[in-house]
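Engineer: Line order of the protein sequences matches chains A and B.
Going by numbering that gives the first Met the number 0, the first residue of the first sequence is number 0, and it counts up by one from there.
Going by numbering that gives the first Met the number 0, the first residue of the second sequence is number 0, and it counts up by one from there.
Calculated directly from the structure, the hints in this document are not laboratory data.
We treat Cβ as the ideally placed atom computed from N, Cα and C, and that holds for glycine.
Take these hints with a grain of salt, some might be off.
Interface residues of chain A toward chain B, partial, derived using beta-carbon atoms under 8 angstroms [as the list claims (entries may be wrong)]: (1) Gly-24; (2) Leu-119; (3) Ser-127; (4) Ser-154; (5) Ala-156; (6) Pro-185; (7) Ile-238.
Here are the simulated BS3-like pairs of lysine-lysine, each with C-alpha atoms no more than 25 angstroms apart in a straight line [what the hints assert, rightly or not]: (8) B/Lys-262 <-> A/Lys-6; (9) A/Lys-6 <-> B/Lys-256; (10) A/Lys-107 <-> B/Lys-144; (11) B/Lys-286 <-> A/Lys-236; (12) A/Lys-6 <-> B/Lys-257; (13) A/Lys-6 <-> B/Lys-351; (14) B/Lys-198 <-> B/Lys-68; (15) B/Lys-128 <-> A/Lys-110; (16) B/Lys-262 <-> A/Lys-107; (17) A/Lys-136 <-> B/Lys-198; (18) A/Lys-107 <-> B/Lys-128.
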Amino acid sequence: MKKSSAKFRRGVSNTLVYALLATLGVLWVLPIVYLIYTAFRVTPTTGIINTLVPDNLRLGIGNFSRLFQETMFPKWLGNTIIVSVSSCVLTTLFILMVSYALSRLRFKLRKPIMNVLLVLGMFPGFMSMIAVYFILKAMGLTNSLLALVMVYSGSAALSYYICKGFFDTIPKAMEEAAILDGASQPIIFAKIILPLAKPIIVYTVLTSFIAPWCDFIFVNTIISDREKYTVSLGLYKMINAEKNSFNDNFTTFCAGAFVVGAIIVTLFMSMQRYYVEGVTSGAVKG
Amino acid sequence: MGERTEKTIKKRKGLPQTFYAFKDGTAYTRLSFPFMGFGQIARGQIAKGLLYMLTETAFILYIIFFGGKYIAHLFSGDLGRQLAGERWNEQLQIFEKVRGDNSFLILLYGVMSIVIALLFIWLWSLNVKGSYENDVRIRKGEQVKSFREDVRLLLNERFYAPLLALPFVGLLIFTVMPLVFMVLIAFTNYNYAHMPPGKLFDWVGFANFRTLFSLSGGTSGFAFVFLRVLVWTFVWAFFATFTNYFLGLIIAMLIHKKGIRIKMLWRTLFVIAIAIPQFVTLLLMQKILDGDGILNKLLGTNILWLTDSRHLSLLPRVMIILVNIWIGVPYTLLMCSGILMNIPVDYYEAAKIDGANSVRIFMHITLPYMLHITTPYLITQFVGNINNFNVIWLLTGGGPVDNLHYGGGTQAQSTDLLVTWLYRLTTDQNPKYNVASVIGIVIFVISAVLSLITFNRTSAAKNEGAFQ
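Please construct the entire structure, taking both the sequences and the accompanying hints into account.
Structural biologist: Dropping the structure here:
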């Protein structure tokens, strides 16, 4: 008797939980559904109500063909891929190098360097943005994708923390055996530590790959040539450049956002396991 | 001379050590004071010596043709007086064009040249010490290090040097130099009234700090507005951090609850929101909540969700925090569910045997465990939210303007955080870079203190080698 009432109670509470989860889930999914729906909507007449609330339910890929044929989106997409691939390679290398040195090697300036890096990372990037712009100008690099790559990966060393946390957990015994065999440090780094660090490498690659897809502030300062925009700045300007841009371009904007979102989702889905492992291993250690 | 001096030298660090090397070293070492690489080349370390010589030549050329005049200008006490223009030349009876100074470039290139000079001094002291090390080796009857030995050292005991070199060059150019530059700006009067090359700016000492912190302006002066922005920055950071954290934790626990099926589906439902770049979501939300946006059209109301300045702009502030929940919760959910799965089951079983109900279990087991593990994460989030530019800028742009409390000259608006205020001060029609730099320094001090305290207190920093 008692048992069945407990079962009944759990049944009720589970129903409540399902209801709550479903409500919240809808709240979280609704904007995304709306975004996807708008991306596939048949382009309406302009005007705020018609733009946001559709008058019919027809679907098509008109927005996408407009996006790829009438805007510079393909060019921007290419730029973003170039920038994010190169900056992600550089950033990952830099982070791995710095974390390895700070975690596995012992030298006099190690602790001071760690504290200095931590403090340097606290300065708001915006504050130095104008100075960065003029330094790039002095190097003759403004308005180039190379400048973006340099800015995105230039301060990579500052985000060593998570990766170092991961390296800290790899047992010392692993490399001691190799040292006895006469292996040099580069060999240990490449052949022993890196293969073990796969989750954190994937995590670093993912986060540094995605950063350029989301930043529009730095691009806005460094790049003024429409040809050289990245997708984020391109999309941002698409609906914010002029007074009517929103009404004119909203559906195209959603199509662009859908493309970017799809790329990021694919990446995350294929690497999700590593990503979660990376987050939980390095970031949150008591 | 001899062993004892050698030992005293080893004890000294940095530049003093270099000068002891002069006292104790041979003529070769003394000659490498003015001529870098001399001590190396004379001992047969040709490659190393040539590199040192090349460095010295390059540096001297740099100082003569470029850096020297900027460094001299930095130390001359002003940032340029001569405006570009024309000057009457009495002898030739014509107007000559005069190349004017540019305070901005003087400061920028000055900082750059000083950084380069410091790097050079470091290399130079390495050169002297290297030569002295050769002296010592020869005195002991050993051979000087060969090039191959040097390389071997760099790949083993000193492997950190090649590893750190390139990342640190990047850091120097894109973080350290701009940073020093912007800190210096805080001590100048660089604003819309002093924009080079048309007008020049100059050092003003602590005047900007006084402007920002003196109460003379009353409720529309900088100090009062600064205090308001600061308070709101903290209120926002607090709510943004903890709403996300607890909601994420609660949803994670609901999904984690025994008997809930298809957990994977529920998690994905929330996590999928991460896929959309933040600026897209924020722009979308901004349009939805706009005065003539979809929400008002659907509700048939006329509520200014993001621009109502009544009650100290309470409504926009609340809306910002709500939208931020939508954006942030998926991340905390992802993290919390990862940790929840790792809480040892015996804790719960023991509690159940003791007859604890679920609220007690949450308060005494789950929450303490979570807080213990995620404190560093919480602090990082808090600092991150203090500097959360995107959410504020894309939703309200810092607005609405609230003339009663945010006086004209300060350019601050009611939902401005320190960062967005800083950004507006630098990108506005009438920029005030000097005040912006002071704000930047304030932000830095706040974030640095917060993070240094936590990072040095967490056990992660104390026993980093615990798992090795």
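Engineer: Hints broken by the structure, by number, lowest first?
Structural biologist: Of the numbered hints, just 16 does not hold.
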